[in-house]
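Asks: Keeping the supplied structure of chain A fixed, place chains B and C upon it in accordance with the hints.
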Amino acid sequence: MNKSSAPRQSLGELLPKLVVAPTFVVAVIFIYGFMLMNAWLSFSSSRMLPKYDWAGFIQYEKLFANDRWWVAAENLFIFGVLFIVICLLLGLFMAIFLDQKIRAEGAIRTIYLYPMALSFIVTGTAWKWILNPELGIQRLVREMGFESFTFDWLVNTDMAIYTVVIAGVWQSSGFVMALCLAGLRGVDDNIIKAAKVDGASMPLIYRKIIIPGLRPVFFSAFIILTHIAIKSFDLIIALTGGGPGFATDVPATFMYTFSFTRGQIGLGSAASMMMLMAVIAIIVPYLYSELREKNNEH
Amino acid sequence: MHALKIQNIEKIYGKVKVLKGIDLEIQPGQFLILVGPSGCGKSTLLNMIAGLEPVSKGNIFIGDRDVTHLDPKDRDIAMVFQSYALYPNMTVRQNIEFGLTIRKTEKSEQKKIVEKVSKLLQIEPLLDRKPKQLSGGQRQRVAMGRALARDPSIFLFDEPLSNLDAKLRVEMRGEIKELHQREGTTIVYVTHDQIEAMTLGDVIAVMKDGEIQQFGPPQDIYDNPRNQFIASFMGSPSMNFIPCQAEKVNGVIQISLESGNEKVKVPIKQNIKGLEAYADKSIILGIRPEQITQQGEDKPDSAKLNCDVELIEPTGPDTLVTVRINGVKTVCRIHPTAESKVDKLMPLLLDMSKVVFFDPDTQERVY
Amino acid sequence: MNIKRVLIYSILGFAALIYLLPLVVMVITSLKDLDEIRSGTLLSMPQALNFDSWDKAWGAACTGVSCEGLKGYFWNSVLIVVPAVIISTVIGALNGYVLTKWKFRGSTLFFGMLLIGTMIPFQVVLLPMARMLGFLGLAGTTSGLIMVHIIYGLAFTTLFFRNYYISIPSELVNAARIDGAGFWMIFHRIILPLSIPIIVVSVIWQFTQIWNDFLFGVVYSSGDSQPITVALNNLVNTSTGVKEYNVDMAAAIIAALPTLFVYIVAGKYFVKGLTAGAVKG
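Residue numbers (the working numbering), protein chains in the order written: chain A, 371 to 668; chain B, 4 to 370; chain C, 6 to 286.
Source of the hints: derived by calculation from the structure; they are not laboratory data. Do not rely on the hints blindly, as some may be mistaken.
As the list claims (entries may be wrong) - Think about it this way: if two alpha-carbon atoms lie no more than 35 Å apart in a straight line, the pair counts; the simulated DSBU-like pairs of lysine-lysine are: (1) B:Lys-307 / B:Lys-357; (2) B:Lys-135 / A:Lys-387; (3) B:Lys-107 / B:Lys-180; (4) C:Lys-108 / B:Lys-76.
Stated by the list, open to error - Selected chain A positions facing chain C (Cβ under 7 Å, derived; list incomplete): (5) Thr-393; (6) Met-407; (7) Asn-408; (8) Phe-467; (9) Ile-481; (10) Ala-487; (11) Leu-488; (12) Ala-496; (13) Glu-513; (14) Asp-604; (15) Met-645; (16) Val-649.
For glycine and all other residues, C-beta sits at the position ideal for the given N, C-alpha and C.
Excised from the complex, chain A in its bound form (with noise of 0.2 Å):
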């Protein structure tokens, strides 16, 4: 009788496994191996072909002196502040406004929110129309009578990688409005009840007990946007090309054009390396204050 009645394990109990399984498989070989994969291209001497073998730092070395990939990091730099911070400014304000029972609201969120069901490419294509210089913007403006005005971004190489940035916060500062729209539909009624009853104005509320409230939004928000501008690379293709020259480089592009492109695999898995960093950098202190937060709960 004992023996029938030792813990077994049942086709019942494998099933569930059994089903995941390949999910599992999947993601062992597909996102952690092809990781650690990755990860020894970029200290392997590979050129045209991947080869693996032990090569040290040179390829970082390598990275690291060259000018180009440091265009792209500034450029990173330059378009992820701009577009994060226009992005969540832009979209808190829309949102704020939105949230006073405005009549047609859901057409209008819909026309806020459009641009992100577009591909980067199409997105980048379009501007690349509006902002190009001799038909675009600055040709309508001369038109209706500015002479003198002149709109060359797309061109010009100090400024290109701020056009990036006006398409850039096109296409999501709206995804930012729904988020925070959803945030401020979620604000605890009593709560702004409570602080009317106390003679707080609106602002007033908004300032001190609605934003504050938010956090959780712009948090998950700011990671959102800080993902989707280090992995930019479709909207600069199409808008810019990454030029004129290489002034609209970015981390994403580089790594494309010198691994695919320029036979330069090694260098390339080094600057993907670089980039799978700054994601850690920014997600595992949010993945940490998320589980902190959680075990409070508990």
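Replies: This is chains B and C only, laid out in the frame that chain A set:
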């Protein structure tokens, strides 16, 4: 022959022992209540009886079958859940039929069963509705119907009334008891509500920290709690625990009680041998609110004490008066017509014939 | 209506205009001919509704070497998107079901592992994946792209379903187990009928992600197997003679239409997917 036998059951999560060796046995037709504060392991135990949680150690028998490692579906049980767990995408009828369909009961037979059950629970008009169109009480009924339809050897109830409002809860409580009496079903019922435990159970297992503290008929547990935890958990308002000094005078143990300026010495006439050991020591007197009443006709084994009234709470049938005896707040249940006023002295009668004593250190009962 | 509200409405209206403008410019440019483009401005209206550039973008524009328009690539994208969306959603649903209702030792860790998959920059897997596709003989094929999209979409779909199923009470599953239902029966009869909203979210999210993808497309496809985003980029950058902005714009709109359409008919779910997928991602 037992209907359910639980032998030395343990549940271990990682390093935490949630159940520490439970033994239980009930007869066919008995209504067993598992009661205790949250986290005591009562729901875990129920889930293990149901087969929803694996058993770490020990055995479970339903009838004479060892079901310890059987799937829930092979245990011949039915369960009513706290949230009712009605399948939201199915009508009431489909909910009741679901288990029958899986067991490949004949269609005509299914129809008969649904008819019988819905009549019994008066849910015939609801059969074609979806769960979200039902009120809380109706859902509760359907959940019970689903369990009844299966005609299992044991019914398991997991806090089935806790999501209902107070009035409905009392109503459904009565119905469950009636159903049990009429159908003679064997039931294991988990609750944290001691009133439900008292009113419904044939036998009660009071649990705490993964152990059964006491197992027995409700009245026995109420009258003879084994320790201070059980005494305070069963009964509302809870039993009063008054620390007092014991001394031996002329071979009889006396305890001293004081309230305000008055101090009395009360001899203990009950035959409690263990009390001898507490002479000239302190001991905890356990006395239920209904054992402290207004003074009227004298009772043979009682004490009188004038107490300062601190709080008066009328409940209708009687009034709860809080006084202070030996420095602790003490609740008394007095007749609503008895005169009482806050900050005034009130003459009270303490019925000593049923009082119990606890050791101040171990909190165990002194017999 | 007081002055404050007038101000709020004008700000909102102005912003809406700015957001709409690029789309408007795209549409009117695509309807003009080249002379009108050269003589007018961004906002000048076309003289007549002229769909020539649409025809050309669809069937005759040059995308690199070949000059057959976008149509072949449009169908490529459809061919990639449909199986990738269906398969990744089905697997995601099953994973979510197991991760919430049939937890086992290590299942939470497994979920955490997957979550990280939603956060890595794909650049770190590009090179090893290229090698793997070559190894499997799938380099430069649509099947290869489908596989890539399924694999890197799984983390997201699993996340969606897991977060949705976690709010379905486990008691429901327990009740069904006691009623005698097994793993598949519970999924099929109890869970699936409750999953419609999250299936919609997952399908829409995967659809837009895969349709709009450029990175995987440009790296892993070649010639005839390219998806529409890659073809659009080639079309815009192919400089043979005159720059035809009207054709570029028509092509861009064609590439955007499917996702725009989905957004307009199912916007509510689209937003849900964005927030759900992104809050954690």
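Asks: Compare the structure with each hint and give your call.
Replies: Structure-based check of all given hints:
Of the pairs offered as hints, the one joining Lys-307 of chain B and Lys-357 of chain B holds, with about 15 Å between alpha carbons and a cut-off of 35 Å not exceeded. Distance restraint check for Lys-135 of chain B and Lys-387 of chain A: the Cα-Cα separation of roughly 33 Å lies within the 35 Å cut-off, and the hinted pair is therefore satisfied. Distance check on the hinted pair: Lys-107 of chain B and Lys-180 of chain B sit about 31 Å apart at the alpha-carbon level, within 35 Å; holds. This hinted pair checks out: Lys-108 of chain C and Lys-76 of chain B have alpha carbons roughly 19 Å apart, not beyond 35 Å.
Interface restraint check for Thr-393 of chain A: the shortest CB-CB distance to chain C comes to about 5 Å, inside 7 Å, so the restraint holds. At about 4 Å, the closest approach between the beta carbon of Met-407 of chain A and any beta carbon in chain C falls short of 7 Å, and the interface hint on this residue holds. Checking Asn-408 of chain A against chain C: minimum C-beta separation of about 5 Å stays under 7 Å; hint holds. Because the beta carbon of Phe-467 of chain A sits about 5 Å from the nearest beta carbon in chain C, less than 7 Å, this interface hint is met.
Nearest Cβ of chain C to the Cβ of Ile-481 of chain A: about 5 Å, under the 7 Å cut. The hint holds. At about 4 Å, the closest approach between the beta carbon of Ala-487 of chain A and any beta carbon in chain C falls short of 7 Å, and the interface hint on this residue holds. A least Cβ separation of about 5 Å between Leu-488 of chain A and chain C falls short of the 7 Å threshold, and the interface hint therefore holds. This hint holds: Ala-496 of chain A has a C-beta 5 Å from the nearest C-beta of chain C, less than the 7 Å allowed.
For Glu-513 of chain A, the interface hint holds, since its Cβ comes within 7 Å of a Cβ in chain C; the closest pair sits about 5 Å apart. The beta carbon of Asp-604 of chain A is positioned within 7 Å of a beta carbon in chain C (closest approach about 4 Å), and the interface hint is therefore held. Against a cut-off of 7 Å between C-beta atoms, the interface hint on Met-645 of chain A holds, since the closest Cβ of chain C lies about 5 Å away. Taking 7 Å as the C-beta contact cut-off toward chain C, the hint placing Val-649 of chain A at the interface holds, the least distance being around 6 Å.
Violated hints are absent here; each numbered hint is respected by the structure.
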